[in-house]
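Chemist: Full structure from sequences and hints, please.
Numbering (numbering that gives the first Met the number 0), first residue to last: 0 to 957.
For the record, the hints were derived by calculation from the structure and aren't laboratory data.
Misleading hints may appear alongside valid ones.
Taking lysine-lysine and the BS3-like style, the derived pairs with C-alpha atoms no more than 27 angstroms apart in a straight line are [claimed, not checked]:
no., residue 1, residue 2
1, K103, K560
2, K804, K693
3, K103, K350
Quick list of the computed label-pair ranges, beta carbon to beta carbon [to be verified]:
no., residue 1, residue 2, range
4, T372, P483, 23 to 31 angstroms
5, H866, R387, 37 to 45 angstroms
6, T232, E86, 21 to 29 angstroms
7, T232, S154, 38 to 46 angstroms
8, A838, R43, 37 to 45 angstroms
9, A383, S797, 41 to 49 angstroms
Predicted model only: the values in this text are computed from it and were never measured.
Don't be surprised by glycine CBs; every beta carbon is placed ideally from N, CA and C.
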Amino acid sequence: MMADEVEAVEGETGPTADPHALLRYWRSALRSDPRGAISQAPDRHGSQWVLATGSGQLKPEEGSRCVLTFDLDSLPSDFRQALLRREANEMTLAVGWPIMVGRKSGVPVIWPVGLLAAEWSRADRTLRVAIEADDVLVNPDWLDGAARTAGWQKSELAEVFAATDGVGLRTDDFLNRLREAAARHIRGRVTGQQMVSQIDLSATGIYDVAALLLPTESTFTAGAVRDLDTIGTWPAERLARTALGPVLGLASTSTPSMPHDINVGALNGEQIEAVRHACSAPLTVVTGPPGTGKSQAIVSMAASVLLHGGTVLVASKNHQALDAVEDRLGGLAPELPFLVRTLDPEREIDKSVEQVLNDMLNETGLRNRPVDTELSAQIAVLSADRRRSMEVIRRRAAFECDIADLVERIAARERFAAADTRPIEAVEPTPSLLFRLWQAITSLFRKTAVSAPLVPRTALPEGAPLSALKARLQELRKERDALPREGDPVELTAQIMDLVTSVLPAVLTGRVVLREDERQELDAARADHQFHGDRALPSGLVRAVLQHRPLWLASVLGTPKRIPLDEGLFDLVIFDEASQCDIASALPLFARAKRAVVVGDDRQLSFIPQLGQAQDRNLMKAQGLPSVGMGRFAQSRQSLFDFAKRVPGVPRVLLRHQYRSAGPIVDYISETFYGGQLTTSYDPKTIRPPNGQKPGIAWTHVSGPIVAQQGNVNPAEADAIATHVRTLLLDQGYEGSIGVISPFRPQVHAIETAIRSRVPAQKLEGAEFRVATVDGFQGQERDVILFSPCLSATSALSAVTFVQKDLRRLNVAISRAKAVAHVFGDLDYARSAKVRALARLAAVATDPRRTGAEGVFDSEWERRVFHALRERGFDPQPQYEIAGRRLDFALFGKTGVKLDLEVDGRHWHQDTEGRRKMSDHWRDHQLRSLGWRVRRFWVDELAKNMEGCLELVERDLS
0 MMADEVEAVE GETGPTADPH ALLRYWRSAL RSDPRGAISQ APDRHGSQWV
50 LATGSGQLKP EEGSRCVLTF DLDSLPSDFR QALLRREANE MTLAVGWPIM
100 VGRKSGVPVI WPVGLLAAEW SRADRTLRVA IEADDVLVNP DWLDGAARTA
150 GWQKSELAEV FAATDGVGLR TDDFLNRLRE AAARHIRGRV TGQQMVSQID
200 LSATGIYDVA ALLLPTESTF TAGAVRDLDT IGTWPAERLA RTALGPVLGL
250 ASTSTPSMPH DINVGALNGE QIEAVRHACS APLTVVTGPP GTGKSQAIVS
300 MAASVLLHGG TVLVASKNHQ ALDAVEDRLG GLAPELPFLV RTLDPEREID
350 KSVEQVLNDM LNETGLRNRP VDTELSAQIA VLSADRRRSM EVIRRRAAFE
400 CDIADLVERI AARERFAAAD TRPIEAVEPT PSLLFRLWQA ITSLFRKTAV
450 SAPLVPRTAL PEGAPLSALK ARLQELRKER DALPREGDPV ELTAQIMDLV
500 TSVLPAVLTG RVVLREDERQ ELDAARADHQ FHGDRALPSG LVRAVLQHRP
550 LWLASVLGTP KRIPLDEGLF DLVIFDEASQ CDIASALPLF ARAKRAVVVG
600 DDRQLSFIPQ LGQAQDRNLM KAQGLPSVGM GRFAQSRQSL FDFAKRVPGV
650 PRVLLRHQYR SAGPIVDYIS ETFYGGQLTT SYDPKTIRPP NGQKPGIAWT
700 HVSGPIVAQQ GNVNPAEADA IATHVRTLLL DQGYEGSIGV ISPFRPQVHA
750 IETAIRSRVP AQKLEGAEFR VATVDGFQGQ ERDVILFSPC LSATSALSAV
800 TFVQKDLRRL NVAISRAKAV AHVFGDLDYA RSAKVRALAR LAAVATDPRR
850 TGAEGVFDSE WERRVFHALR ERGFDPQPQY EIAGRRLDFA LFGKTGVKLD
900 LEVDGRHWHQ DTEGRRKMSD HWRDHQLRSL GWRVRRFWVD ELAKNMEGCL
950 ELVERDLS
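Modeler: Take a look at the structure:
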């Protein structure tokens, strides 16, 4: 998507809401999730927590809520008083279940194992506790305590539950994991149906009983709530100086854009546009489908800011997403400590700005290196040249599209006039259906463009005289020919990449290394801060730390605790995997930055809202917000990505080129989930299918009953996959990587057990083998993905509903594969179409594909070119397939020359805003990198001088 091209998004218009009312609303919405790290003492029972015994159901059914009722008179008086004190503004509590009795420092301690968010209300001496979402968060304090008593490493136990900030587990999945990980601790059965009436404080273990827990300052959202309290006091002009400006509908007054953007890798046109907007727009939204290079774009965004002396914060709710970005960003200068990861539980990293300051002052051994100012100046020139080149290409394309429209109108007028008795100037034929459709689409996109059209449109009415049309055609051709000659943006991008590789490490060295006077000044400021006993570092000291450590990676909810709240502290904040993040918890990070980029994909996994819609509407009403037109702000409905892409006037870029997967895999996810917008752009050298198997999607039919009692397990699928993995690694000696995915954790466990009993661990390690749920595999890739849908006619309705409810899981699962996505499942059930995306997957995997495509032409001009080439003695191969693409013609010279010959119609190679498709340039660049030459002809060039065009082809082949 180019600079002034945007997606048509519903909901962009609506009432203008009071910014401070919105902030208060989001703060109250954030407080609705009271869960956190919770340890309770037995003697606080009745005041801060109470057991909730009896029979019941803790899991909400699909489309409904679960409501627990208690006789108020049966609750301890201290607990009732605590509720009364909170009734005015805090109607939430946590339901802990099951409960573990443990020991800490030799005394009993109570740990809720799982935590559910709930809303409470009182009426007629009854306490009603409503649980809206089937979303269980695992208590971090329990993870720590259980790990100590059960012989687990804390990081290992956390991995079993795979809990990330704000993303929980469904109840059934949570119970299955708990039974696997803590079987020795469980006392009796844990079902949540018939809970025990009491627990024995002298006997450690996990009991099937629930507890009501009042919110404390240990809740996960406490830091963000405190930040929103402070931000809510800022005046509008202060908010407008931060990235909150566009979010709240305020005219942005943040700092001007960076002078130029750079790239540290080989970016395509859409990625470059995303980087350019990140350096200039107050808010940018980037849609990054699987394998389209969003991480490369993020790295270049960060590098552009760092090169100009700025600071960057990259944030996500998903630690795996931060891992991937950290690997790439750290590679900018691997020997330098310019990057700070604030929190990584797996590596036990937990750093605040104050701790980083201490590390800086104790650091030795770093040496400065000079920056080559001449190379830096060259980067600026090349970046400016690239912007101009892309602009000229767009302007030229706009002219070409207008010219093509006029040529078609003139030709149609003359054809109809030949059969009409009226004067020719009075004849205006009805445009063809295809032409009218093209005009409608073009008109739609012009209305949604961010900036004005690049050149004047034809703007001639349908009844304009033929002479006026011809005169306008001549004018447009002269204006087009007067445009300056554009450079090659692909070549300029490559040159920028080479120069940045040399310059950026030197620039970062100059920022990281402390001069002695700087060290003394920082040390004195720290000592003064410590002497006065201030809790928060002063703003000047925080900004000084960031100047020397300019790149920070942080979890969204962990940021308030580790990075002080300071207006516009960072030049840019980048939210990765924003579809998994809610709105409210991200707002404090917007306040810490001057510009923001929101990167996500609403066709992959999304966040689980903790707020019911009814409660959400009440929270809006309480802040005096309008009752209609507020859907795009709703915490209960919108992810951060959904919300950001609906902010009016924000540039939105869709990354369309998929570099990870083989063509058939991309075709499936593109047609099924992205409306056919993705283009396959993989490098054949990176695709490693097993021997005898073509790249793409395969299906092995496996029937067999589902064992619902074990939590949706299909032993036949597990056995077939284990046999296949053994065949690949032991019989064939396959050297690629292998992953196995299933939507259901019990099936994952069954498959892993079957495979590890048959294949040596060394072989699995060499294949980077991993088996996980869809959620556990997001963000990763393997050469071969084996998928177990674990669905059949005997599946429980809840299992089918789980997949039907979120078909995006199939997108994530299949798009992990680079070479082969191989499904082992019940083909008959898939074809029944009870799960639509699964039925399409079965069709793609089993229906015959058209191969070769020789003799098939996309247009009459391709047919003419084919015969003209044959008459000249060439052997053109039409619709030749290479790297997932089909070439119009492939020709091969006697000296080994490979030529891609493309016949381009104006309409089909120009986008809806009238520009030459930039994708053609990057497509040609990919083919050249594979050793091909590329020659393109417009059909009007062929019509004007076919022989001259064929002479150029002959010259190319020689």
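Chemist: Does each hint fit the structure? Answer for all of them.
Modeler: Results of checking the hints against the structure:
1. K103 - K560: Holds: K103 and K560 sit about 25 angstroms apart, inside 27 angstroms.
2. K804 - K693: 32 angstroms, violated
3. K103 - K350: 26 angstroms, holds
4. T372 - P483: 23 to 31 angstroms: This hint holds: roughly 28 angstroms between Cβ atoms.
5. H866 - R387: 37 to 45 angstroms: Given range 37 to 45 angstroms: holds, Cβ gap about 41 angstroms.
6. T232 - E86: 21 to 29 angstroms: 25 angstroms, holds
7. T232 - S154: 38 to 46 angstroms: Distance hint for T232, S154 holds at roughly 39 angstroms.
8. A838 - R43: 37 to 45 angstroms: Cβ of A838 to Cβ of R43: about 54 angstroms, so the range 37 to 45 angstroms is violated.
9. A383 - S797: 41 to 49 angstroms: Given about 58 angstroms between the Cβ atoms, the range is violated.
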